[in-house]
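*Asks:* Sequence:
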Amino acid sequence: MTEQKSDFAFLPLGGTGEIGMNFNLYRLREDGEEHWLAIDCGIGFSGNDTPEADVLLSDPTFIAERRESLHGLVITHAHEDHVGAVAHLWRQLRCPVYATPFTAAVLRRKLSEANLQNQVVIHIIMPGSRFDVGPFDLQFVPVTHSIVEAQSVAIRTPHGIIIHTGDWKLDPTPLVGPVTDEDAFRALGDEGVLAMVGDSTNVMKEGRSQSEADVRVGLTEMIAKLEGRVAVTCFASNVARVESIAKAGLASGREIMVVGRSLRNLEAAARECGYFSDLPPFLTEYDIKDVPDENLLMIITGSQGEARSALSRIACDTHSTISLGEGDTVIYSSRVIPGNEQAVMTVQDNLTRRGVTVLTDKDGMVHTSGHATGGDIRHLYSLVRPRYSIPTHGEWRHLTAHGALARECGAEAVLLEDGDILNLGPGPVEVIDTAPTGLLALDGDRLLPMTGGVLAARRRMLFNGMVLASFAVDDEGYVIGEPRISAPGLLERDDPESTRIREEFAYAIDEIPDEFRQDDQAFRDAARTALRRALGRKLRKRPLVDVHLLRV
11 MTEQKSDFAF
21 LPLGGTGEIG
31 MNFNLYRLRE
41 DGEEHWLAID
51 CGIGFSGNDT
61 PEADVLLSDP
71 TFIAERRESL
81 HGLVITHAHE
91 DHVGAVAHLW
101 RQLRCPVYAT
111 PFTAAVLRRK
121 LSEANLQNQV
131 VIHIIMPGSR
141 FDVGPFDLQF
151 VPVTHSIVEA
161 QSVAIRTPHG
171 IIIHTGDWKL
181 DPTPLVGPVT
191 DEDAFRALGD
201 EGVLAMVGDS
211 TNVMKEGRSQ
221 SEADVRVGLT
231 EMIAKLEGRV
241 AVTCFASNVA
251 RVESIAKAGL
261 ASGREIMVVG
271 RSLRNLEAAA
281 RECGYFSDLP
291 PFLTEYDIKD
301 VPDENLLMII
311 TGSQGEARSA
321 LSRIACDTHS
331 TISLGEGDTV
341 IYSSRVIPGN
351 EQAVMTVQDN
361 LTRRGVTVLT
371 DKDGMVHTSG
381 HATGGDIRHL
391 YSLVRPRYSI
401 PTHGEWRHLT
411 AHGALARECG
421 AEAVLLEDGD
431 ILNLGPGPVE
441 VIDTAPTGLL
451 ALDGDRLLPM
461 TGGVLAARRR
471 MLFNGMVLAS
481 FAVDDEGYVI
491 GEPRISAPGL
501 LERDDPESTR
511 IREEFAYAID
521 EIPDEFRQDD
531 QAFRDAARTA
541 LRRALGRKLR
551 KRPLVDVHLL
561 RV
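This note's numbering applies: residue 11 is where the sequence shown begins, and numbers increase by one.
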């Protein structure tokens with residue numbers, strides 16, 4: 011392999027915008043032959059601007075068309091925005107997956123739920139190991155994050171080392187798992203780093219990160235003062251936080267119960283990999299009758315206000331086994347993901363209405379971010395000394411702030427949009443092409459394009475309602491009886507406007523020319539136009555309109 015006969019490029023398919031999914035591609039081209047590597051494959055959660063969908067994924071069409079050249083998918087850690095889409099997109103990718111033991115344990119459960127457990131080849135890579143994926147020379151670098159076994163990925167290329175940081179922070183006392191391996195980063199910097207593709211999520215916060223050890227102390231002090239039932243909600247994937255909550259509860263003489271499927275899956279994966287070894291098995295929600303209120307601490311899913319989560323159902327008093335009320339306390343040991351503010355406030359309001367005391371990080375040291383602050387990032391630049399910085403994983407304001415920080419540290423910043431193909435050598439580091447990108451919505455078991463007809467119709471119904479007309483005709487195409495009009499989300503059944511629309515529609519279809527009446531499709535199209543006219547301008551909306559024709 012020689013530099014003159016090879017080139018290397020980076021392509022983010024998802025992760026550089028507001029939606030928190032991550033899907034990154036690297037391309038090595040040797041003697042005209044392309045080789046591809048994917049790093050992370052996550053989901054994102056819908057915001058206020060996309061109410062027609064809950065879960066979003068990057069459209070993998072570009073790399074799926076090149077899957078014969080896709081050597082593997084490397085997962086940096088087990089958070090949903092990095093691993094959550096694998097079970098949904100793997101049938102299009104069909105490549106082996108490389109992950110640490112804990113990440114693999116989490117992924118296997120997801121694949122099992124999708125009936126893929128016997129199809130996907132998962133290679134277990136120990137933290138800190140160096141390994142090959144096809145022609146790609148890779149090295150895991152252990153980093154601290156709000157989940158165990160998070161890894162940065164160093165890629166050795168003919169043009170220099172690329173460091174893909176994944177999610178990380180600096181924490182001298184992470185409690186579960188090792189500290190970020192600064193020596194490994196320094197050694198890579200000594201070897202020569204061409205570019206660092208770096209997490210930007212928390213770059214706008216100055217100073218160094220707070221430690222998980224401080225959170226454990228804060229939780230222990232807070233829980234010790236509480237009476238009645240205590241529930242703590244957090245991100246279900248945060249092994250260190252779950253351990254901190256459990257130990258804080260045990261220190262106050264409380265038994266620990268987990269509520270919610272994702273937490274039960276976390277416990278199983280963590281114990282399988284040797285974590286929680288000094289904690290007794292957690293109780294389940296079915297054991298609640300056997301524990302006095304003052305001796306119970308519950309760890310509950312639903313910190314983001316998810317409608318079907320355990321905490322949301324408890325707040326609405328619709329959970330099958332658990333209720334909270336006067337004298338009980340719920341602690342939020344988490345941050346609110348942007349876009350979820352209203353959902354979280356609704357759950358907290360419902361809890362308060364029931365007499366529950368709600369405590370957050372405003373009331374004590376009960377949460378710290380798992381992402382690097384501006385101070386952390388400056389320190390990493392001092393170790394790695396990259397020539398180029400490629401900010402990822404954040405909104406545009408975060409990417410811009412990261413780029414400014416990188417320039418202060420002596421690196422040249424390159425800001426990318428999803429789909430930009432960045433040349434990393436030989437020659438100038440610059441965008442040389444653009445790949446098609448898009449979003450898919452997870453709708454039950456289906457993947458639907460966000461720009462497709464189904465979700466476009468759903469979006470239109472959400473904001474403008476729907477009007478459905480039905481009528482019957484005889485063999486010659488003449489109307490039998492009265493047409494029916496339904497306008498869910500737009501008009502009440504007894505609304506005078508409904509009567510007007512029905513009468514005008516009946517008159518309009520009687521006026522449809524005879525030449526349209528023998529062709530059902532032409533008749534429906536003409537009737538649909540008649541219905542739109544009957545709706546008129548009074549409603550000041552453009553609802554979704556459809557017509558059902560029955561020939562008898």
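Where hints are given, some of them may not hold.
Ranges between beta-carbon positions, derived for each pair [claimed, not checked]: (1) Ala124 - Glu237: 36 to 46 Å; (2) Leu560 - Asp300: 55 to 65 Å; (3) Asp484 - Thr331: 51 to 61 Å; (4) Tyr296 - Glu440: 24 to 34 Å.
These are computed hints drawn from the structure, not numbers from a lab.
Here a beta-carbon is modelled for each residue, glycine too, at the ideal position from N, C-alpha and C.
*Asks:* If a hint holds in the structure, say so; if it doesn't, say that too.
*Replies:* How the hints compare with the structure:
A hinted range of 36 to 46 Å holds for the C-beta pair Ala124 and Glu237, which are about 44 Å apart. In this structure the hint that Leu560 and Asp300 lie 55 to 65 Å apart at CB holds, the actual value being about 60 Å. Under the hint 51 to 61 Å, the C-beta atoms of Asp484 and Thr331, about 58 Å apart, fit the expected range. At about 59 Å, the beta-carbon gap between Tyr296 and Glu440 misses the expected band of 24 to 34 Å.
Against the hints set out earlier in the document, a violation occurs for number 4 only.
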